Each structure stands twice: as C-alpha cells, then as structure tokens.
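**Student:** Residue strings, one per chain:
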Amino acid sequence: MSQSVIKVENLGKLYRLGEIGTGTISHDLNRWWARVRGKEDPFAKIGQVNDRATKGSSDYVWALKDVNFEVKQGEVLGIIGRNGAGKSTLLKLLSKVTAPTTGSIKIKGRIASLLEVGTGFHPELTGRENIYLNGAILGMTRSEIRSKFDEIVDFAGVERYIDTPVKRYSSGMYVRLAFAVAAFLESEIFIVDEVLAVGDADFQKKCLGRMKEVSTNAGRTVLFVSHDLNAVAQLCKRLLLFSTGLKDFEGDVETGIRKYLSTYKSSSHFIRKNAPRNKTYIKEVWICDANGDAVTAFFHDQEVHVVFNIEIEQGLLLKPDVFVIVLDARKRRIFACELNALHPQVKLVIMPRQLVRGEYSLITLINIPNKQTVDELVDICQFEIVDNGSQMSKHGGYDYGMVLGKYRWDV
Amino acid sequence: MNTKTIALPAAEVEPLHQEAWTEVIVPRSRLLDLRLGELWRYRDLVLMLVRRDFVANYKQTILGPLWFLVQPILTVLTFVLIFGRVAGLSTDGMPKVLFYLAGVTLWNYFAETLNKTATVFRDNSPIFGKVYFPRLTMPVSIVISNLVRLAIQYGLFLVFWAWYLWCTSSIHPNACILLTPLLILNMGLLALGLGMIISALTTRYRDLVFLLTFGIQLLMYATPVIYPFSSIASHYKWLLQLNPMTAVVETFRYAYLGSGTFSLAALTYSMAISIGTVLLGTIVFNKVEKSFTDTV
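Protein chains in written order, with full-length UniProt numbering: chain A, 1 to 411; chain B, 1 to 296.
Careful, some of the hints might be misleading.
Using C-beta positions, here's what the derived DEER-type ranges look like [what the hints assert, rightly or not]: (1) B:Asp123 to A:Gly157: 46 to 56 angstroms; (2) B:Leu81 to A:Arg160: 30 to 40 angstroms; (3) B:Trp67 to A:Lys205: 42 to 52 angstroms.
As a list, the in silico EDC-like pairs of lysine to aspartate or glutamate whose alpha-carbon atoms are at most 20 angstroms apart [said to hold, decoys possible]: (4) A:Lys212 to A:Asp252; (5) B:Lys59 to A:Asp399; (6) A:Lys106 to B:Glu23; (7) A:Lys148 to B:Asp44; (8) A:Lys72 to B:Glu23; (9) A:Lys371 to A:Asp301; (10) B:Lys59 to A:Asp163; (11) A:Lys96 to B:Asp53; (12) A:Lys96 to B:Glu38.
Keep in mind the hints are simulated off the structure, nothing from the lab.
Quick caveat, the model's predicted, so the values are computed rather than measured.
Where a beta carbon is used, it is the ideal one built from N, C-alpha and C, also for glycine.
Just chain B, same shape as in the assembly (with noise of 0.2 angstroms):
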C-alpha cells in the first residue's frame, strides 16, 4: 500500500495517511465539538443504565416499583396537612389532593433528576476514571430513568385526576393537556442542562455540592408548587416568572385542573432557558469530561 504513495510528493502523501486514522486524541477539543454522534453510537449503553438504576433500586424489595408510589402519596398527604391545613395557603378553590399531587409529581421528577445530575461526576468517578465511553450517557440515562418513575407517578395523579373529573365538578381540564409531553421534555432539558453545568464545576469546585441540596430546597419554594401563582403579589410576580420551572407547572395545573395561568409567552421563555442550559450544560460538559479525573 504504502509503495504508491512513496512516489507522491509529500504534500500530496499527508492528507491521504491522515484520512486512515480513525481518532485522533489531542489536547484540546474545538468547544462547539458536542460529539452527539457518540452518544448515539452508544445508545445501547444508555438503555442497559437505565434499566440498571431501575432493577438495582428495587431487587430484594417487596413492593418493588410501588415505592415510586408511596413517596408522593406521604408528601402530599403532609402538605395537605400543614400547608393546606395549619398554614391555610390557598390552592386556587381546587381539591388539595390533585392539586399538590401536580405540583409534587413535577417537581420530583425536575428535582430527582436535576439531583442525579449533578453529583454525575462524583458518582461516577470510579467508573469514568478506568473506562472510556461517551460521558454524556450517564447525564441522558438520569433523565430518561426518572422518566418511568414520573411516568408511574404521573400514572397515580390521572387515577386520582380521573376521580375527581367523573365524581366531582370541581375540575375543568382543557385541551392545554396536549401539551403535556413538551412541559416534560422541557424539564427534563432544563434538568439536564442545570446538573451538567453543576457537575462539571463540582469537579473543581466542590463548593456546589454543599449549594446543590438546599439550593434545589430553595428553588421549589421559588417555583409555585405549594402555592397557586395567582396567591403572589403582583410585583413580585415578576420574579417567580423569570423561574423557567414557573410556566411548567402553572400550565399543567391550568391543562388538567383549570386553574391557573396560561401564556404561551411564558411557556416560550421557559423552553428557550431549557434549550439554552442543555447547550451550554454540554459545551461545558464535554469540556470537563476529557481532564475531570485529574481533579476530581
């Protein structure tokens, strides 16, 4: 092979050997070089971690997947008693239950997920740091593992949901229900994005580790969750709307309960933030990958 190309001029001789070479492992990598092709290439990996969290979490348990149940159930049930009862906060003239069940059920999966995320580095280090795969797979495998537990526990809200709706004339759902799969991905973009930002400075910083658990305390109160966004003054509404997470769960509640707000401007803010974290989360991301185990 190689006594043809000896008699080219050199110039000539060096595109074609650079062609042959399948990677090229340098120091440094262009920032816009995301490398989703990767990720695809490995998507079997992505679905043999999700299925690991989900086994590994309930083997040798009884009840299983219904654990995924008796969570909501028991913080619904506590914010029903003392936000509803002792505090009185005011839900909008809707049914208690359904209507923290939304808030609850979102906010899990935006929490749990943004939790995981976060800590992916850290979590993780034993693993990244013997063997060579598409970092990103861990971050997207979170994301679409908490997927089947919000989807059972979006299962639970539409039993109790479709009680009320045939029991009850206290609800008034809409056709806004359609846009359910999109306020999903939209957390789970804005998700992503947050905990990969986090992750990838928690590997220097370790700093953000100590912020990250109140911080996503903080942030439910921040977001109207235990409250109706109408129960805010109006100055400071302002300041909950600039909360991408504000317009998710205002318009699931408006879509199933009929309560709420709905603007479309609101939604738009809230997935142009989500797209743009998830962008930056993995500029920054893929820049940590290549080096974090020098640090971490």
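This is chain A alone, in the form it adopts within the complex (with noise of 0.2 angstroms):
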C-alpha cells in the first residue's frame, strides 16, 4: 500500500457572515479576551453549518466542519458537492491561500494549486515573461522553468506568439499559457479546480490526458474539483462528497456520484399553473428514477421516468396522441417517443444506453396527428445524463455524435 501524502483531521474553517465593518474592533477585542483567559474563541461556539438556503440566527457558519480524510500517493481524489458545498474553502485551506480555524492538514510533498489557471498574468508581459513571472508564483525556480520552457510553450501550442504581450492573446491562448505552466510543475501533489472549464474540446482533452499521466506515469496526487460529473469519473478513483461544509460520503466514485445525483433535487418538475382554453391538456411533468425518486441527473445506463399527468375532456371523439421529444443541448431534436392512447397518467421510460452525456430537455405535446396541437409544451424538464463508462466515454471531449448507436462490426 503506497503511503499518504495528506492527512486532514478535523478541519474546519468559520466564516463570518454580512458586513465586516462596524463590531470588528468589538469582536475582535471579545476574542482577544477570550484568548488572554485561555477559553476558546466565543464566535466560534455559535457557528451554524453551512446552508445558504435558509435562514440562519448566526453570523457565523461552519464553511466546512469536522472533515477527516487522507489522500494516498499518486492517487486521483474527486471533490464533488453543490454550490456552497465547502469544496472551494477545502481547497483555499489545502493551497494555504487560507489558515483554518480548526483541525490540521498535514502534507508530503510540494502543492501546486491550480484554483485559477493565469494567476499573477500581467497583461503587458509577454508569453515568454509571464510563463517565468508564473512559474515562479506557483514555486518553480528559473532554471526548473527554463529546463521545461520548451515543452510548455509545446503543450500551449501558443509558440508563434510567445514574444507578444498576452493581452493580445485569445482568451483561449490565454488559458492555454497558463493551465501549461501549471501542469509542468515539479509538484508532487497537484490541486484543480474547474480549469477544464474553459478552452475548446481538444484542450480540455489534453489537460484530462496531462492530469491521468501525472497521476499514473510520475506517481503523482491529484485532488481534482469539479462540477463537470463525466470529466470525474473518467479521472478519478476515489470521491469525496460535501454538502453544507461535512463530508458526506467518501469512497468509490459510481457510489459517490450516483449519491450526488440522488440528492440533486431541481426544478425539473412542471406544473401546469393556469389551465389552458383546451379542455385537454398536460398537468403535471415529472422526471425521477426506476424507484420514483425525482432527480434530474442519469447515468448512461440507468432508465430515465418521465411521468405525465394529464387532464382529458369527456366524450372527445377523435382520440389525441401524446407526443415527446427529446431534445440535447443544443435544442436539436434527437428522437420522439409517441403514444397512441390518452390516459390521466402515463409513464414514459427513456431506456438506457442511447443518451451521450449532456443535458437534455423535452417537448412534450397531445396532439391529433396531422390534424391539431392541443397542448404543447417546449424545453421542459431539464435533465442530464453523465456517461460513467460506455464504449464512448474514453473518447472525452471529441464529439462522438447525439446518441449511443446500436451496432455491429464483423471482422
């Protein structure tokens, strides 16, 4: 078993809420008093956990509490959680950006913290000064920067301009530069934060490629955080889970996203608020999984649910059909589902292993074909579908096309 390069017991970072202003002197004083008398920081009793939602009766809160966990050697850690989670504040705590208020971090090795790809760019520089000027703000010496010069300005592709200030870089050039300072240092642990955001497919593939070859080929620790579900799974082993500031889950990465996806409650429910002239019409759309849970995010290989209600006017003579359509993204249409019957409830099940990754929407319409829409409904019910492993999910961020073809090859 390699050994761990980071050890966090018991961490926890308070935050004060609204205005600093008025009372910082008066706080500060009352805690500098507490101090003086060896009690413990007054403030820090009355901290509540983190949930920006609701109302709080403190001004303090925990933006992250109790967290225990330690990261093997060259192992890949995904950090999910919502908004608000305490990821960002893990993070700002790990990279010493930030002193926490409890608890301790223990750490082998040189951290490289990418929480923000450019830091410390100065627009009038050139390529050439501010991979230097960068380098040496995330810890390289000059002559480690000089020795890698030549493959970084490789991996940005930027050569051609690298004597031009970067404020006449593309945005794109621009975040090429500077993700290729980054992952060309000579740290043993590295931490991402939702880089990958930005710069076009082919990049961002590259900078998955970069953070797998780290980890697998140089033995080293990546602690990556994002959003981006599809990029996680592909990358990481291990997830971590947060939510209001705790450690929710810990363990493999299926477990952990499909824990995340299930506590992912959004408004992908549409209710019908005033009823249209029609006497026929939708009512209620709903999506949730194969128990009845409502989620609004799908692994590849899990059924999507979509449950109608619909109100139907008595003694119709001509029967309707109800009528979905799947749309990505982009709002392309991908495929329609129809039913030739109308009922007050009907259940529609989006079977697995067609979807790509993506988010998705639906139209949704009763109507008589070729003759009359009674009721449409456009882009409803938002949902996503994180691809956790199909034949295609290797391919990262090329486009490999809107669905999952059914095929064969004979050789």
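Dock chain one against chain two, each of which comes alone in its own frame, and use the hints as you go.
**Tutor:** Shown next as structure tokens:
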C-alpha cells in the first residue's frame, strides 16, 4: 500500500457572514480577551452548519466542519458537491491561501494548486515573461522553468505568439498558456479546480490526458474538484462528496456520483399553473428514476422515467396522441416517442444506453396527427446524462454524435 | 516501511511519523515564526516581480525609464519656484536646485515604497486569494524595484552634484558620503516596516487607506525636505528629531553638500526605529497573511 501524502484531521473553517466593518473591533477585542483568559473563541461556538438557502440565526457559519480524510500517493481524488458545499474552502485551506479555524492538514511534498489558471499573469508582459513570472509564483525556480520552457510552449501551442504581450492573446490562448505552465510544475501534489471549464474540447481532452499522465506515470497525487461529473468519472478512482460543509461520502466514484445525483433535486418538475382554453391538457410532468425518486441527472445506463398527469375532456371523438421529443443542449431534436392513447397518468421510460452525456430537455405535446395540436410544452424538464463508462467515454472531449448507436462490427 | 514500525511501542512511532510530513497547516502559528527561509527559497520570484514592475510600467512608452527623471526634475523646479522664490525659505546657503534635489530624491523613495507596500494586500488580493507564496515577497520586491528607480534618480543627483562641485565652490562634501548605502538601507527598512504594518491593518480596517495618502504628505512637512533642519526653532527641534527620516535626510545633505547637521546619536536612533519597525511589521504581516483573504 502506498503511503498517504495528505492527512486532514478535524478540519474546520469558520466564516463570518454579512458586512465586516462596524462591530469588527468589538468582536476582535472579545476574541482577544477570550484568548487571554485561555477560553475558546466565543464566536466559534455559535457557528452554524452552512446551508446557504435557509435563514440562520448566527452571523458565523462553518464553511467546513470536522472534515477528516487521507490521500494516498499517486491517487486521483475527485471532490464534488453543490455550490457552497465547502469544496473551494477546502482547496483554499489545502493551498494555504487561508488558514483553518480548527484542525490540521499534514502534507508530504510540494503542493501546486490551480484554483485559477493564469494567476499573476500580467497583460503587458509577453508570453515568455509571463511563463517565468507565473512559474515563479507557483513556486518554480528560474532554472526549473528554463528546463521546461520548450515543453510548456509546445503543450500550449502558442509558439508563434511567445514574444507578444498576452493582452493580445485570444482568451483561449491565454488559458492554454496558463494551464501549460501549471501542468509542468514539478510538484508532488496537484490541486485542480474547474480549470477545464475553459478552452476548446480538444484542449480539455489534452488537459485531462495530462492529469492522468502525471498521476499514473509520475506517481503524483491529484485532487480534482469539478462540477463536470463526466470528467470526474473519467479521471478519478475515489471521491469525496461534500454538502453544507460536511463530508457526506468518501469512497468509489460510482457510488459517490449516484449519491450526489440522488440528492440533487432541482426544478425539473413542471406544473401547469393556469389551465389553457382547451379542456385537454398536460397538468404535470416530472422526471424520476426507476425507484420513483425525483432526480435530474442519470447515468447513461440508467432508465429515465418521465411521468405525465393529463387532464382529459370527456366525450372526445378523436383520441389524440401523446408525443414527446427529446432535445439536446443545443435544442436539436434527438428522437421522438409517441403513445397512441390518452390516460390521466402515463409514464414514459427512456431506455438506458442511448443518450450520450450532456443536458437534455423535452418537448411534450398532445396532438391529433396531421390535424391539430391540442397542447404543447416546449423545453421543459431538464435532465442530465452522465457517462459512467460507455464504450465512448474514453473519447473524452471529442464530439461523437448525439446518440450511442447500436451497431456491430464483423471482422 | 510500515511493517517495521508497527512492532514499536506507540510512543516511539509518533515522532517518527511526524518527521515524514514536510508541512503541517494549523490554525495559528507561533508569533515569531517569520519564515524568512521560505522567503529565500522564493528569491527568484522576488526578482521576477521586480522585473515585472519595471518592465510593465514602461511598455509602450517612448521615453521608458527616462520618466523616472522627469518627475524629480519637475518637482524640484516647482520647489525652487514656490518654496525658494515665492516663500523665500532658507536652503542654508546651498544651491537651491541641489538642496531640493537631495531632499526629493530621498523622500520620493521613501514615500513611494511606503505607499506601495501599505496597499500590498489590497492591490494583490486577486493573486493572494488564489495561490500561495510567501506574501513577504511582494513588499520586499517593492522595496527593491523602487531601489532601481532610486538609483536612476540618484544618478541624476550625482550629475548635478558633480557639476556644482566642479564649477562652483558652494558645496563641501565629506567622508560621510560613505554612509550612503546605510542611509538607503535605513529608509528602505523604515518604509517596508511601516508599509507592512499599515497593509496588515488595512485588511480589517479600511480607514487607514484614507489616512495614508495625506499622512505621507504631512510626514514630508515633518521631515526637512523643503527646509533645512537648522531653520527650525530650537524648542521644536526635538519634535522633528522624533521622525526617523530627519536623520536620514540631514546626514545625506551633510555628506554631499556640507550643510546641515550630522549626529551619530540621531542616526543610531533612526536606524534602531527602522529595525524595530521592520521586525514588528514582519510579525504583524505574517500574522495577517494567513487569513486576510477572509476579510479583505
């Protein structure tokens, strides 16, 4: 078993909400007085668990509380959680940008944190000068940077612009250069936060590849924070799930993402507010998984259930159809499902292993084919498909189409 | 590796285990842990920052670093006109241009360094909030990059000085010139120390920002920059001598021009204040840097 390189014990971070200004001095004095008497911080006691949506009674919240975990050498650890769950706070503590309120972090080796790429880039300086400056900020010495310089420029693919001030760079080139500097850091531990959200698909793929490479070949440790579950699923073996400042889950990626998705309930529940003139209309549509739990993100090998509540006018002569079209993120129509009947409640099951990863929504309509559209709802019920290992998942950022085709090779 | 240590009693395992960690992050560090070694490891960064300050300022300008000369020349011209001609302030019988230039050159360095270091947390909060490096590198790099500027302006002073020395007999330099590096060091330390204290306090109490700009202005009038120390009424002299910059400016003028006063006691006092300020500043700065991102 390889040894741990990071050990986090009882880590906590208390933040003060609201404006800092008036009252600062009195709080400071209070704290100081408590410390002089050897008591604990009077404001730490009243800190509450961090839930951004509910109104709290205290001005102090624990952005992170009682967090314990270890990271082994060469491991790629994913960290996920909703906004405000404490991910970024954890990264800030790990990268020493701010100090913890309680607990400790023990580290073996140098940490390079990419909370943001291009930190310290100066727009007036050339690409070359910025590589040296940024490298130095990230903790490299001049000679280290010099020995990596060609690789960095090559990885970024900005050779032609290297002696041009970076203010003339396109934003993509800027990011490429910035990530490249970081990617060639000589550190044992990498902390990466959402940097892949920028750059084109090709470059994202390159970055993921590079991160995989440093962990497997060079035996370095990577902590990867992202909302991109596809990238997390692809890159990481182990996962930490945070919610409201507490560590919710630690374990394998598959279970972690499932748990995360199941807690992720958003408004993909459509309810008709005012009835239209037609007596036949869709009252309610929602999305759930096979167990009936309302979730909005699914693995590609999971069934997506869409439930309809329909108001039906009595004594209709022509029976209309129910018609559902699946839209992708760009609102292209992927395929349609139709039901040649009408019932007060129907459930559509979209079979697994069809949709590629991405965001989807629905057009739902009730119509009499080629005659009349009775009711139509466009772009409702957003949901997401996460690829947890289809045969295409290894093609990362490459656009491999809109569906997972059913095919066979004869060789 | 672990198989051997397991057999040992727990008490002996513990210190072994602790040694393996290269770094331990805890809520509070010891007060006097100045981490200067870390600063030394990042010396390349200090040089890069100095270079950045210098290069970035003068990109896309025609005159480039020559701008460093324009400012003192214009200031001295104004001083000669306003304080020399209009107000008729004494310059101790020294050539006005040289008298003011000496004061302005020194004061500019002090004021500029103090001004920049005092806002270091505010100016750099975007970087500080994203990546860790010893925060001390920033103020130290400011002190050094201003040194470059001082060197150029000092060169200008030397040109004028040499001309007066050659063509007139109004100035009488002496061996105290050798103290120049000490004087500059003194100023640098003082500005650095004060700047660090102020910048540490401004992270919580923004009020000091307002105080800073005119505070520096006021301090200039409490330093013999535009008037000689000798022109002050004797019962106020002690007040002026409390200001550690007084000894610096006076010694400099004494060394190069031969006017003014030189007192070893005053210089020692000034040096002691500077060193004390730097120590205090470093302690305060290091204390604040750990958590300033939460408040700034």
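**Student:** Run every hint past the structure and note whether it holds.
**Tutor:** A quick look at each hint next to the structure:
For Asp123 (chain B) paired with Gly157 (chain A), a C-beta distance near 32 angstroms fails the hint of 46 to 56 angstroms. Restraint check, Leu81 (chain B) to Arg160 (chain A): a C-beta distance of roughly 53 angstroms breaks the suggested window 30 to 40 angstroms. Checked against the hint of 42 to 52 angstroms, the pair Trp67 (chain B) and Lys205 (chain A) passes, with Cβ atoms roughly 47 angstroms apart. For the given pair, Lys212 (chain A) sits about 17 angstroms from Asp252 (chain A) by alpha-carbon distance, which is consistent with the 20 angstroms threshold.
Distance restraint check for Lys59 (chain B) and Asp399 (chain A): the Cα-Cα separation of roughly 42 angstroms exceeds the 20 angstroms cut-off, and the hinted pair is therefore not satisfied. The hinted pair formed by Lys106 (chain A) and Glu23 (chain B) meets the criterion: a straight-line CA distance of about 6 angstroms does not exceed 20 angstroms. For a cut-off of 20 angstroms, the pair hint linking Lys148 (chain A) to Asp44 (chain B) stands: about 16 angstroms separates their Cα positions. For the hint pairing Lys72 (chain A) with Glu23 (chain B), the CA-to-CA distance comes to about 16 angstroms; that is within 20 angstroms, so the pair holds.
Using a Cα cut-off of 20 angstroms, the hinted pair Lys371 (chain A) and Asp301 (chain A) is violated, with the two alpha carbons roughly 37 angstroms apart. Straight-line distance between C-alpha atoms of Lys59 (chain B) and Asp163 (chain A) comes to about 13 angstroms, which keeps the hinted pair within the 20 angstroms bound. Between the alpha carbons of Lys96 (chain A) and Asp53 (chain B) the distance comes to roughly 25 angstroms, so the proposed pair goes past 20 angstroms and is violated. For the proposed pair Lys96 (chain A) and Glu38 (chain B), the alpha carbon gap of about 14 angstroms is at most 20 angstroms, so the pair holds.
The structure shown violates the earlier hints numbered 1, 2, 5, 9 and 11.
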